[in-house]
Amino acid sequence: MSAVVMNWIVALPELVLAVCGMAILLLGVAQKRENPLLASMLSIGALVLAGVLVVSGSRGQGYEGQLISDAFSTFLAVLILVGAALAIMLSLEYNQLQRIYRFEFPVLIVFAAVGMMVMVKATNLMSLYLGLELQSLAIYVLAAFARDDLRSAEAGLKYFVLGCLASGLLLYGISLVYGFSGSMDFARLSRAFATPASVSAGLVVGMVFVLAGLAFKVSVVPFHMWTPDVYEGAPTPVTTFIATAPKVAAMGLLLRTMIVPFGHLLAQWQQLVVLVSIASMVLGALGAIGQVNIKRLMAYSAIGHMGYALIGLAAGTEAGVRGVLIYLLVYMVMSAGAFAVILAMRRRGMAVEAIADLAGLSSTDPALALLMTIFMFSLAGIPPLSGFFGKFYVFLAAVQAGQWTLAIIGVLTSVVGAYYYIRIVKVMYFDEPAARFDVRHPAISIAGGATALFTVLFLAIAGPFISAADLAAKALFG
Amino acid sequence: MIYAVAVFAPLVGSVISGLFGRAIGDRAAELTSILCMVLAAVCGAVAFADLVWGGATPGVVPIASWFDVGGFRAPWALRYDTLAAVMVAMVTLVSTLIHIYSVGYMAHDEYPTYRFFSYLSLFSFAMLMLVTADNLAQLFFGWEGVGLASYLLIGYWYDRPSACAAAIKAFVVNRIADLFFVIGIALTFFRFGSIELSTIFAAVPSHMSDSYVLFGHNYRSLEVIGVLLFIGAMGKSAQIGLHTWLPDAMEGPTPVSALIHAATMVTAGVFLMARMSPVMEAAPIAKEIVVVVGASTALFAATVGCTQNDIKRVIAYSTCSQLGYMFIAAGVGAYQVAIFHLITHAFFKALLFLGSGSVIHAMSGEQDMRKMGGLWRKIPYTYAVMWVGSLALAGLPIFAGYYSKDAILEAAFSAGSAAARYGFVCGVAAAFLTAFYSWRLLFMTFHGESRAEAHVLAHVHESPPVMTVPLGVLSLGAIFSGMGFRDLFIGSGWPHFWRGSIVNAAGNNVLEAMEKVPATIGTLPVVMGLLGIVLAYAMYIAMPLLPNILARTFRPVYLFLLNKWYFDELYDAIFVRPGFALARMLWQVADATIIDGVPNGVASLATESSAQAVKLQTGSIAVYAFTMLIGLVALLSIFLLLR
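The listed protein sequences derive, respectively, from chains D and H. Here the first sequence is numbered in the working numbering, starting from 1 and rising by one per residue. Here the second sequence is numbered in the working numbering, starting from 1 and rising by one per residue.
Hints listed in this document are in silico derivations from the structure and should not be mistaken for laboratory results. Glycine included, C-beta positions come from ideal geometry on N, C-alpha and C. Among the clues, some could well be false.
Here are the simulated distance ranges between beta carbons [what the hints assert, rightly or not]:
#	chain 1	residue 1	chain 2	residue 2	range
1	H	A622	D	T405	53 to 59 Å
2	D	L49	H	A622	42 to 48 Å
3	D	G463	H	G579	53 to 59 Å
4	H	A592	D	V399	32 to 38 Å
5	D	P384	H	H217	42 to 48 Å
6	D	P366	H	V576	43 to 49 Å
7	H	L616	D	R423	22 to 28 Å
8	D	L157	H	L629	16 to 22 Å
9	H	L629	D	V292	42 to 48 Å
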């Protein structure tokens, strides 16, 4: 480790993005007349710039082993930046109409993105926590962004309190790990656990706490309770954001933490991940059935999908990690698309969120109905849409790793899940039409169309994405 | 080439009248199919004459390739030998006559008739494919084709429930037999590596001692194959046990009964025995089974025929009985005799059916003989041809049946085995009964007091020429076919005539032996026939009250015969009702309860668990935090326990 010096260049994208964020903040404060559109555009620009830096940036370790820039972090960072940019883009009209059109909104998303990028690069429990908290704090504020709205404030508060509890668990776990092993560095921890038999009980208890803290962020059972309430209460663009980039970051962090420092203890934590994964898939499938609010439905859907993604981690193999990465990519795109459609649900300027509001959409707005149909079928995992391939690769990894139970339960819960996704299609195509929605903002059409194209064409264009995920997974197993 | 035209012309007729019948109208459809049949009949006759007198060499007419998969090869090809040519000539001729007759018979039908003619032609094509098949797959194609056409034609009046039931019954019973036939074909392929006839026949000697192990016993493969093929033949040829469909098949229009259920299709089983003679000759036990079943059928069907009152059913049982005779001949190794009887029977049985059709036509659809009587003055022509047909059937001298039936009994007598003797006894007894029920039919229908209702009687008229001319032609056949073909088929020149298309094993010289039977044996059938006629005269003309007295005195016997030995009731109790019960159970228990219940139950389970799953989601932050901590504790405990 002595060779590792500052090498701050590996954190260049994060540094640039953080500086940009602060600059936009200053600009916003300095301006006499608030101009959220400018701030949003600048933020998207900053995200794009960071994206360029991520892709072209140098690889290697930096900050004395606190951060690493590798194929894994690059893959996820790009996803995070895309997710963040999509969220800003989709927020414009909504925020304007809901009177929460402020320049702080994009800035908070930028800061959250910085935190997430740190998360996926962290190779030390300390930097891990740093990134996680930066992201979380920004999202707590975002969740309560519509501060005059009781539900939004409640959502922010709930998320904050429970998030603090999770952070507490995580910190306690970190301290246990540190106390029993004397290190917080991933590489050194990995070496310390090379012989699982000699690992002390305190250490693995610490590991379970760390797992619990991270499980909260990916919203899997039993740490999922916040999800439906926050999804429903938060302003829809914030929900869009929470449903996309942070999921990617937290799952990436979980992957790196479980595979790199705790990789040798696979046999110990595998069973836990299997349990959590099964519980999430089952709850995600069952919980959504009775929902009438589409955002709440998406929350349960997210719980279920994170359960599916965990199948790959439970496999504990390179193929499994690759499956998770592909799953994250596919899931992020299709859920962003689904939220774009949800954002288009508005009548006379007021957002509507009930599934019943979609009734007869096929006759009032066929294009939007088609988009939603694509996303719903994809979320249900029906070929040839991208959602199928996401599931396919994790199931494949599970079967290859001998985890038949997971794969079978995954398939069964997909069947149940298909029911509520396809119910939405049925409502759109077969129910008596409700009043038509307002005219769509072009940003929504563009984002929805692009994500739908990706979802439909994934079969044809999957090659580069899959090889990138392959590289990323290899980097983790290095 | 001419041979191929004979086979395929009916197909053309069927397709044109079937697919375009609606467009071109009934008249044109009838004309087309008849012209195609006439063409086929001419070509069939020419091909036959060419082979027998013209010096054409037997061979195979290749048509196209069909199956060619690995070692399994089955091309479309027409086998051109005496056996096939005889059948082609007979089928096309009889079919043509029946096509023509149908124009008159179906004239008053309420439906457009193009469908009927299309089916008839389709049947003829399938039958021709059957008899000209060069491999077992093609034979089976024809076999199933005639089955299909038979199904369609029995159920032709599809708005009559009884016709639909009869069609289904015919199809299902045949299907049972077909299963054995298919297994027989499969075993043949398994043993011989081919289903092409010439390959099989050539390889028979090298498989004489092959055996299959079935149910722990060793059986000679050739015996097994022979028995399986015979069971298939039993279905098509309505032999005892699998005969139940044939009487019911009389629900179809009478020309159908004449063509399919008397002259041609039902003889397919006999043809199969002759066609497979090289295999059957190597299966003596199977042959004995053939004799016993055939003899039993001949006697059984004749007894039932004596008590039936439906004019067509009497003839139907007569057909059953005559087929039994043919199997006796085939079983004792005299395939040539079987085919001879097949040909003569085709003429006189078609004649009888068409004649009865003419009676029914005259009686405005009435089929019950108890409501007829005294018709001979009103329809003398029909009366005359029915006499001819009955004389031929009863086997009185000069008429066709005399030569063929006589030959069968002589063959059975001279074959010598116990089974053959049983066949002989049954055959003689059946000859007596045959004459009895034939004249019972004649007397009940044409003599005595008329028992018909007045308005029916007023309508009675002789059939139009389009019907009577075919009857005349068939009458000629019924009179002269026995006399004319006897020498050719079974006379001393038979080896030259058959030219190896039928094989008699080395030790099988039935055909020579039957020439030397005592003269008393030769005259026995005639005597029995005359006795039968006398008895019928006594019972239905001289003492018309006698039948009733007998029926009352021997009531159990009478009922037993009237109810056809209770075969239908037996099958109903053994197969049909348990089958329905099983099906009902599978429907109500397996399908409605289990198959439907599982998904419905799972669905309601999912909905209910959904309600339970979200119950915890109270919105209270304390509950959420508590859940998280409980979850953590649970994970920790599991972890520490499993570790």
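Outcome of the hint check:
A hinted range of 53 to 59 Å is violated for the C-beta pair A622 of chain H and T405 of chain D, which are about 34 Å apart. Under the hint 42 to 48 Å, the C-beta atoms of L49 of chain D and A622 of chain H, about 44 Å apart, fit the expected range. For G463 of chain D and G579 of chain H, the Cβ-Cβ distance of about 57 Å falls inside the hinted range of 53 to 59 Å, so the restraint holds. Range check, A592 of chain H to V399 of chain D: about 36 Å between beta-carbon atoms, so the 32 to 38 Å window is met.
Between P384 of chain D and H217 of chain H the beta carbon distance is about 57 Å. The supplied range of 42 to 48 Å is therefore violated. Between P366 of chain D and V576 of chain H, the C-beta spacing of about 56 Å breaks the proposed range 43 to 49 Å. Between L616 of chain H and R423 of chain D the CB atoms are about 23 Å apart, so this pair conforms to the stated range of 22 to 28 Å. Distance hint for L157 of chain D and L629 of chain H: a CB-CB separation of about 19 Å, consistent with the stated range 16 to 22 Å.
Here the CB-CB span from L629 of chain H to V292 of chain D is close to 30 Å, at odds with the stated 42 to 48 Å.
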